[in-house]
Amino acid sequence: MHTTHSDNPITKERRDRFLARQSVIEMRARERARAILDPGSFRELLGPFDRLESPWLPLQGIVPESDDGVIVARGLLAGKPAVIMAIEGAFQGGGMGEVSASKIAAALALARGDCERGKPILPVLLLETGGVRLQEANLGEAAVAEIHAEIVALRPLVPVIGVITGMIGCFGGMSIAAGLCSYLVMFRQARLELNGPEVIEQEAGIDELNASDKHLIWGLLGGEQRYETSFADALIEDDVTELRQVIQAQAARGVPARHRSEQVEEYRRRLASIDPADPPDSLALRRIWPKGEMP
Amino acid sequence: METMNFEYDARGPLTRRAHVGVVGSGDLEVLIEPSDKPTAQVRVRTSVKGYTQVWKAVLDRFFGRFERAAKVEINDFGATPGTVTLRLEQAAEEVRS
Numbered sequence: 000m001h002t003t004h005s006d007n008p009i010t011k012e013r014r015d016r017f018l019a020r021q022s023v024i025e026m027r028a029r030e031r032a033r034a035i036l037d038p039g040s041f042r043e044l045l046g047p048f049d050r051l052e053s054p055w056l057p058l059q060g061i062v063p064e065s066d067d068g069v070i071v072a073r074g075l076l077a078g079k080p081a082v083i084m085a086i087e088g089a090f091q092g093g094g095m096g097e098v099s100a101s102k103i104a105a106a107l108a109l110a111r112g113d114c115e116r117g118k119p120i121l122p123v124l125l126l127e128t129g130g131v132r133l134q135e136a137n138l139g140e141a142a143v144a145e146i147h148a149e150i151v152a153l154r155p156l157v158p159v160i161g162v163i164t165g166m167i168g169c170f171g172g173m174s175i176a177a178g179l180c181s182y183l184v185m186f187r188q189a190r191l192e193l194n195g196p197e198v199i200e201q202e203a204g205i206d207e208l209n210a211s212d213k214h215l216i217w218g219l220l221g222g223e224q225r226y227e228t229s230f231a232d233a234l235i236e237d238d239v240t241e242l243r244q245v246i247q248a249q250a251a252r253g254v255p256a257r258h259r260s261e262q263v264e265e266y267r268r269r270l271a272s273i274d275p276a277d278p279p280d281s282l283a284l285r286r287i288w289p290k291g292e293m294p
Numbered sequence: 000m001e002t003m004n005f006e007y008d009a010r011g012p013l014t015r016r017a018h019v020g021v022v023g024s025g026d027l028e029v030l031i032e033p034s035d036k037p038t039a040q041v042r043v044r045t046s047v048k049g050y051t052q053v054w055k056a057v058l059d060r061f062f063g064r065f066e067r068a069a070k071v072e073i074n075d076f077g078a079t080p081g082t083v084t085l086r087l088e089q090a091a092e093e094v095r096s
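Order-wise, the sequence lines are chains A and B. Going letter by letter, the first sequence gives residues 0 to 294 in numbering that gives the first Met the number 0. Going letter by letter, the second sequence gives residues 0 to 96 in numbering that gives the first Met the number 0.
Excised from the complex, chain A in its bound form (with noise of 0.2 Å):
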């Protein structure tokens, strides 16, 4: 996996490619929905002007916001219908409330309700999220579950893309969510784990892991680690025209014959593999969990 410059020459082919490159983890999550979509076709379900903003955040002092964090956007990806449902992690680090969780969950519904009616249309999931919203409790997490019931509902009739950009990444309940995806396309500079690495260092101690060991940290839950051990199908440069080619690569695939979390009794194999006691270092577990081994 390590490359030098010897191996990998700057060649002008290769910084053009650089340049021209549209960074998405720059852009907010409504210009993220704009920018995969093809260019006029962006419209969006409950934009800001609906003020569905969470009931519950002003009560505790906290400045809502008009959307909730969430953006649901329909429109078209390379001329077929999607809807893009886009997670602003800037707004209290992406945290799913009552209304944003809904929000999501509501735009899965009526996809598969265009799916049932002949009318296929793509669902792209943006996940850049913590997970619930503590401020928010029981209600984001029911509102979470509808989202993990409407997923399992819709992949039998379409593929659902889960994308997973970063920073942020993608953790908590959502990350449940992102496990029960179709397809999950990843960037190196996201991270994927259902308890966040400052959570289990503040519950467990610095012993068991140290949060702000960079290294370690993407080691195990890294956008790149998580595609080398086969809990992510693609893993991408921070690009918008690539994103957009990935998910339409991602979705030609069609529904597959089972999704990864059908797959118990392998993923139940592979934790068997592995020695609580002695635990592998990542380049060790990507030998012992190769890519590709999931069918």
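Simulated from the structure, these hints should not be mistaken for laboratory data. Hints are supplied without guarantee of correctness; some may be wrong.
[What the hints assert, rightly or not] DMTMM-like mimics (lysine to aspartate or glutamate), calculated; alpha carbons at most 25 Å apart, straight line:
| id | chain 1 | residue 1 | chain 2 | residue 2 |
| --- | --- | --- | --- | --- |
| 1 | B | Lys70 | A | Asp49 |
| 2 | B | Lys36 | A | Asp49 |
| 3 | B | Lys55 | B | Glu6 |
| 4 | B | Lys70 | A | Glu43 |
[Unchecked claim] Only part of the chain A face toward chain B is listed, based on derived beta-carbon distances under 7 Å:
| id | residue |
| --- | --- |
| 5 | Phe17 |
| 6 | Arg27 |
| 7 | Pro47 |
| 8 | Val62 |
| 9 | Glu64 |
| 10 | Ser65 |
| 11 | Ala89 |
| 12 | Gly92 |
Glycine included, every Cβ here is placed at the ideal spot set by N, Cα and C.
Put chain B on the given structure of chain A with help from the hints.
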């Protein structure tokens, strides 16, 4: 959180609406839309308490020039006065374009 309301005289109507920004650290969102009343009514919700005079100074200056009948909502998460002015200018540019 602190909520403030301001009202400014307007000379002309607004025909479009605009939304800019995000309620993220050091940033704010601005929603601006036409109003039936002949004034600009501004509601500010901010996470930082005790800066009413600073808000008044920033908004006085902007709406002294803007002069459109509008309903304006600002949701702020600790933006500096400079950022607030830039976001207001951005919103004004969008409703004019």
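Results of checking the hints against the structure:
no., hint, in the structure
1, B/Lys70 x A/Asp49, "holds (14 Å)"
2, B/Lys36 x A/Asp49, "holds (20 Å)"
3, B/Lys55 x B/Glu6, "holds (10 Å)"
4, B/Lys70 x A/Glu43, "holds (21 Å)"
5, Phe17, "violated (28 Å)"
6, Arg27, "holds (5 Å)"
7, Pro47, "holds (4 Å)"
8, Val62, "holds (5 Å)"
9, Glu64, "holds (4 Å)"
10, Ser65, "holds (6 Å)"
11, Ala89, "holds (3 Å)"
12, Gly92, "violated (9 Å)"
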